[in-house]
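Listed here are the chains, written in short residue letters.
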Amino acid sequence: MEGILEITGGVFMVLGAVSLLVASIGLYRMPDFYNRIQIGTKASTFGASLSIVGVALIFPGWIPKLLAMLLFILFTNPISSHIVGRTAYFTNVPLSKRTKVDRLKEMSPGHLKKVKTKD
Amino acid sequence: MLIVLASVLGIASMVGAYFAIHSKSLTVAIIATGVVSLISSILFLLLAAPDVAMTEASIGSALTSAIFFLTLNKIRQTNG
Amino acid sequence: MGKKTMIALITLALAFVIYPLYQSYNGSETLKDVGQYYIDNGVEETGAQNLVTSVVVTYRGLDTLGEVTILFLAASVISFFLSFSKNDRIKSRSIRSVTEILTTSTQVLVPMIFMFGVYIFVNGHLTPGGGFQGGAVIASGIILMFLSNPRFKLSHKVIQFVESTSGIVFVLIGAAGALMMDGDFLSNKIPGFGFGEVGSIISAGAIPVIYTFLGLKVGAELSNVLGVFVESQSEK
Amino acid sequence: MVDILIYTAMAISSIGVLVALVRFVKGPEKVDRIVAVDVISTIGITLILILATLMRREIYIDVAIVYAILGFIGVIVVSRFIKRGM
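Residue numbers (my numbering), protein chains in the order written: chain A, 4 to 122; chain B, 2 to 81; chain C, 194 to 429; chain D, 929 to 1014.
Among the clues, some could well be false.
Calculated Cβ distances over 10 Å to all of chain D for the following chain C residues [said to hold, decoys possible]:
id	residue
1	Gln216
2	Glu222
3	Phe309
4	Thr320
Here are the computed lysine-lysine pairs in the DSS-like style, where the Cα-Cα straight-line distance is at most 27 Å [claimed, not checked]:
id	chain 1	residue 1	chain 2	residue 2
5	A	Lys68	D	Lys1011
6	D	Lys1011	A	Lys45
7	B	Lys25	D	Lys958
8	C	Lys197	B	Lys75
9	B	Lys25	D	Lys954
10	A	Lys45	A	Lys100
11	B	Lys75	C	Lys225
12	D	Lys954	D	Lys1011
13	D	Lys1011	B	Lys25
14	A	Lys68	A	Lys108
15	A	Lys100	D	Lys958
16	C	Lys197	D	Lys1011
17	D	Lys958	A	Lys108
18	A	Lys108	A	Lys45
19	A	Lys68	A	Lys45
20	B	Lys75	D	Lys1011
21	A	Lys108	D	Lys1011
22	D	Lys1011	D	Lys958
23	C	Lys196	B	Lys25
24	D	Lys1011	C	Lys196
25	B	Lys25	B	Lys75
26	B	Lys25	C	Lys350
27	A	Lys45	D	Lys958
28	A	Lys103	D	Lys958
Keep in mind the hints are simulated off the structure, nothing from the lab.
Idealized CB from N, CA, C, for every residue including glycine.
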């Protein structure tokens, strides 16, 4: 009854929702803040983008607004995660104990206080 | 089906409101206010009131928390 | 322990009292007289596709004028009281480092935010937006400018000019409707502004014009509040 | 058929809100809570989009655009405050 385009759009929306759920589960299960922020930002941005693509397939007339929305999400999510990550590092939020490499400390050892690790 | 979404959002809103009232840190309280604002915006949309939802979105997403934090900062500076 | 138990008991009792009310509630299927009148005649009389806008701007325009007045009074009082602690701001607002990413992205995003705010209040008669929402979006753009550029200062002369001019124009348009077309105060029937076709951007008489000035006024007021707040902060 | 898929997406997304809320409740640091709020706001944008698709109203997307463009300002304000005051 419905076109193949609409079914594809629905499948895209479900995939986007699954990606958002993965973002939430990762936010819950990751060991320290820095891992949480990377999965939270990447997976949620990906999920929102997939959902927008799905809606665009279902209603092609909405594409201008959806394009603007996709642009805004792709612009703003990385900025906020960048700022939050920097804030966390400079307020000594502990890294995970399994952290192997800390490039920011290597690059500027004198300016930073020692960031503690925890398990 | 929509009532399930409304219930889930209502539970989330109640959790946020509890944190906004009972949290020891004022910063966490203001962040929780942001959660309540977002969820109430979705609930307004669910009740087919897009005008109210848009007002809530534009006021609650940035403006409220900015003014709260500016005030909090000023209070802390005044009290030393 | 005792206090919390009491609170839980009182809440339960309240739920017990309220539950029959919830059970017996059945929402009325028909509208009241006023709502029915708006739905029947709103589109023909105002030409606005969004009925809420026609109610807010035209039928209940006086309420909107009152809201704008309240906002203006609040902004004035905040400016008045915060100006006492503004004297040593030049040396006290220390310049702090801002990351390159935030600065660059602000230069891209702030024009977009302003444009989106203008879109919201110009399209007030078609989409669920309006002057207040658009003004709040513009003020959020001002916050972003404050955050990204520590040296940024609002020009108070420009703010005052925009705010007072748009307030005066708002009232003048309202008076023009009453005087020229002998309609009511703040009606949208004004010579020179046709109703156009319902659903197009140039329609609904004076509603887009009124909403434009309303958005500028609200945006200027909220930006002024933010600017005064930021200037009165003193660094430790 | 499409409606069933959209309802499924809605259900999965609302479970996502609850799981992210657990991190908000637990979060040992303030920044953890901020990230939880960020994720919740992205899921909320998607929920608004799903509601717009279900009710077939294009104008609902405007609300989602407002959140997409303004949601990060709140996060930046909070993190700036935590770092060293406003």
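Hints and how they fare:
{"no.": "1", "hint": "Gln216", "in the structure": "holds (27 Å)"}
{"no.": "2", "hint": "Glu222", "in the structure": "holds (20 Å)"}
{"no.": "3", "hint": "Phe309", "in the structure": "violated (6 Å)"}
{"no.": "4", "hint": "Thr320", "in the structure": "violated (5 Å)"}
{"no.": "5", "hint": "A/Lys68 x D/Lys1011", "in the structure": "violated (36 Å)"}
{"no.": "6", "hint": "D/Lys1011 x A/Lys45", "in the structure": "holds (24 Å)"}
{"no.": "7", "hint": "B/Lys25 x D/Lys958", "in the structure": "holds (12 Å)"}
{"no.": "8", "hint": "C/Lys197 x B/Lys75", "in the structure": "violated (34 Å)"}
{"no.": "9", "hint": "B/Lys25 x D/Lys954", "in the structure": "holds (14 Å)"}
{"no.": "10", "hint": "A/Lys45 x A/Lys100", "in the structure": "holds (23 Å)"}
{"no.": "11", "hint": "B/Lys75 x C/Lys225", "in the structure": "violated (49 Å)"}
{"no.": "12", "hint": "D/Lys954 x D/Lys1011", "in the structure": "holds (21 Å)"}
{"no.": "13", "hint": "D/Lys1011 x B/Lys25", "in the structure": "holds (19 Å)"}
{"no.": "14", "hint": "A/Lys68 x A/Lys108", "in the structure": "violated (43 Å)"}
{"no.": "15", "hint": "A/Lys100 x D/Lys958", "in the structure": "holds (20 Å)"}
{"no.": "16", "hint": "C/Lys197 x D/Lys1011", "in the structure": "violated (37 Å)"}
{"no.": "17", "hint": "D/Lys958 x A/Lys108", "in the structure": "holds (22 Å)"}
{"no.": "18", "hint": "A/Lys108 x A/Lys45", "in the structure": "holds (24 Å)"}
{"no.": "19", "hint": "A/Lys68 x A/Lys45", "in the structure": "holds (23 Å)"}
{"no.": "20", "hint": "B/Lys75 x D/Lys1011", "in the structure": "holds (16 Å)"}
{"no.": "21", "hint": "A/Lys108 x D/Lys1011", "in the structure": "holds (18 Å)"}
{"no.": "22", "hint": "D/Lys1011 x D/Lys958", "in the structure": "holds (11 Å)"}
{"no.": "23", "hint": "C/Lys196 x B/Lys25", "in the structure": "holds (19 Å)"}
{"no.": "24", "hint": "D/Lys1011 x C/Lys196", "in the structure": "violated (38 Å)"}
{"no.": "25", "hint": "B/Lys25 x B/Lys75", "in the structure": "holds (19 Å)"}
{"no.": "26", "hint": "B/Lys25 x C/Lys350", "in the structure": "violated (42 Å)"}
{"no.": "27", "hint": "A/Lys45 x D/Lys958", "in the structure": "holds (20 Å)"}
{"no.": "28", "hint": "A/Lys103 x D/Lys958", "in the structure": "holds (24 Å)"}
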